[in-house]
Amino acid sequence: MHGSYLTSMSSSSLSLSPGTIAISLRSQFPSASFVDCADICVTSLQSDSRRCQPGDLFVVIAGTRESAEKYIPEAIKNGAKAVLTGRPLTGLEVPQCIVADVRKAYAILCSELADRPSRQLDAVGITGTNGKTTVSWLVRSILQSAGYKAGLTGTVEYHDGNESRPSSLTTPDALELSQLLSAMVKNEVTHSVMEVSSHALDQSRLAGTQLAVAAVTNVTQDHFDYHQNLKNYAACKARIIQHLKPEGTLVLNFDDPVCRSMADGKQSAQKLLTYGLESEADLQVTGIQESAAGTAFEIVFGSDTNSVSTTLIGRHNVSNCLAATAVCLGLGLSLHEIVAGIQALENVPGRMEQVNCGQSCTVLIDYAHTDDALRHAILSARQVCNRRLFCVFGAGGDRDSSKRGLLGIAGSEADRVIITSDNPRSEDPFQIMKAIAAGCQSQGVTPELIEDRKAAIEYALSEAGAGDLVLIAGKGHECEQILRDRKVPFRDRLVVEQYFAEQKISDSQKVSA
1 MHGSYLTSMS
11 SSSLSLSPGT
21 IAISLRSQFP
31 SASFVDCADI
41 CVTSLQSDSR
51 RCQPGDLFVV
61 IAGTRESAEK
71 YIPEAIKNGA
81 KAVLTGRPLT
91 GLEVPQCIVA
101 DVRKAYAILC
111 SELADRPSRQ
121 LDAVGITGTN
131 GKTTVSWLVR
141 SILQSAGYKA
151 GLTGTVEYHD
161 GNESRPSSLT
171 TPDALELSQL
181 LSAMVKNEVT
191 HSVMEVSSHA
201 LDQSRLAGTQ
211 LAVAAVTNVT
221 QDHFDYHQNL
231 KNYAACKARI
241 IQHLKPEGTL
251 VLNFDDPVCR
261 SMADGKQSAQ
271 KLLTYGLESE
281 ADLQVTGIQE
291 SAAGTAFEIV
301 FGSDTNSVST
311 TLIGRHNVSN
321 CLAATAVCLG
331 LGLSLHEIVA
341 GIQALENVPG
351 RMEQVNCGQS
361 CTVLIDYAHT
371 DDALRHAILS
381 ARQVCNRRLF
391 CVFGAGGDRD
401 SSKRGLLGIA
411 GSEADRVIIT
421 SDNPRSEDPF
431 QIMKAIAAGC
441 QSQGVTPELI
451 EDRKAAIEYA
461 LSEAGAGDLV
471 LIAGKGHECE
481 QILRDRKVPF
491 RDRLVVEQYF
501 AEQKISDSQK
511 VSA
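Mapping of the sequence shown onto the numbering used here: position 480 corresponds to residue 480, and the numbering continues sequentially without gaps.
Certain hints may be false.
[Stated by the list, open to error] Taking lysine-lysine pairs in the DSS-like style, the calculated list, with each CA pair at most 25 Å apart, reads: (1) Lys104 / Lys245; (2) Lys434 / Lys487; (3) Lys454 / Lys487; (4) Lys104 / Lys231; (5) Lys104 / Lys266; (6) Lys245 / Lys149; (7) Lys231 / Lys266; (8) Lys104 / Lys149; (9) Lys266 / Lys245; (10) Lys245 / Lys271; (11) Lys454 / Lys434; (12) Lys504 / Lys454; (13) Lys231 / Lys186; (14) Lys70 / Lys104.
[Unchecked claim] Derived DEER-like restraints, expressed as beta-carbon distance ranges: (15) Arg484 / Ser168: 19 to 27 Å; (16) Arg119 / Lys271: 16 to 24 Å; (17) Asn162 / Gln431: 43 to 51 Å; (18) Gln431 / Ser268: 49 to 57 Å; (19) Gln242 / Arg425: 29 to 37 Å; (20) Ser506 / Gln144: 37 to 45 Å; (21) Ser462 / Glu69: 49 to 57 Å; (22) Arg87 / Ala340: 49 to 57 Å; (23) Asp398 / Glu69: 23 to 31 Å; (24) Ser303 / Ser31: 18 to 26 Å; (25) Asn232 / Ser31: 24 to 32 Å; (26) Asp452 / Asp507: 19 to 27 Å; (27) Lys186 / Glu157: 15 to 23 Å.
Honestly, the hints are just simulated from the structure, not real lab data. Positions of the beta carbon are idealized from the N, C-alpha and C atoms, including for glycine.
Could you put together the complete structure from these sequences and hints?
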């Protein structure tokens, strides 16, 4: 967001040329204090000193590992004319605005400078430990099937309604989020569907963004390296309700006790839609039938019952379908439109994604990287597995180490457990694997440890026979592996496809010989 900005008019104020959106920081943040000026008028801003351009307001956002204040000289050198900070700083030659919550102020300014794009379309926010991506893809499919134009922001991609690009974060930085929403408005998108991470909520990236519908899929252990405990994590997830429009709809999974506890957080004018496979809720299901080809079930909503057939595998995906149904009911769609949209979605990248190369065993790739997600993936795989169930998985480095043993406990439900590396980052992969193995061993299961992920996948495929199922978990759609000093191209799906392609070549050579 750049524009002609900050032309000095006097020693006490800063203004700009007419014709662009201008924000008075004093008007926007009445409790703010100022150094070397009485007010600052903003038309552009940046939190990355390297990207600052002449006239920008530089926003000093504290990092998790280092202070952003050391980058102020670079920002000023690149043209920043003022600084937004959380405390007065000495030795600066540019004006300062001091606010209590820099991240929140930054996100609000990003939204204001983009002309409040979330208010020019219907925005949907989906949070939860597991299921965000699948629910968001289902909601987009339903909207598109019903004739609407939908944008998407999430773990797999950012799509502005016209173009798609790989995502960098589940929920982007506040500036990029506002730019994406603004592009959607320009592209005449009617609905924006966004995954909302706990980090984004904690860091106020959605401040200034209003949601027509907010959904919480579930809350189980994850990111404790950041949130410390479940209480903090759950409180963070519940913050999504703060971004709901006064007349908006809150969607909650009533099978999840943490989600149930959030029902009292909505305002009286806001609507509540609940769903559940096991609980009394507004949306329920009957007649679940699972197979390797997909899942069939009936959605029950009041006196209406609608049959659904989806290629998505597993009971947890039935729950995801209910979540998407509730979201779209909140947007005003009919059950008939919703069912058609669910059935139109063929698959979600890396979410119980089947790899079919003509092999005799079934291969599924899933993003499951929490113990709850892995447990559900294994349970779902078990329902469509005729013989032995193999599970290949690991855990990410420099992330919540307390869940490694829990992953091992969950993984021990498979018949053959193969522990490997995930994204080890700066940690020793084998030490991560040993921590997971301890969880397996606590259940009386002896896992096999193969550090090289490609070798581990190939080993599982070589051991699997007709009727067996190989579940490869943890990385899902990801296209790279993060090692200590580098990122290398890596896709679980490609490893599987290359393995079976080489097997076919080998088999044909044996026949010709």
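(Q) Need the list of violated hint numbers for this structure, in ascending order. (A) 8, 13 and 24
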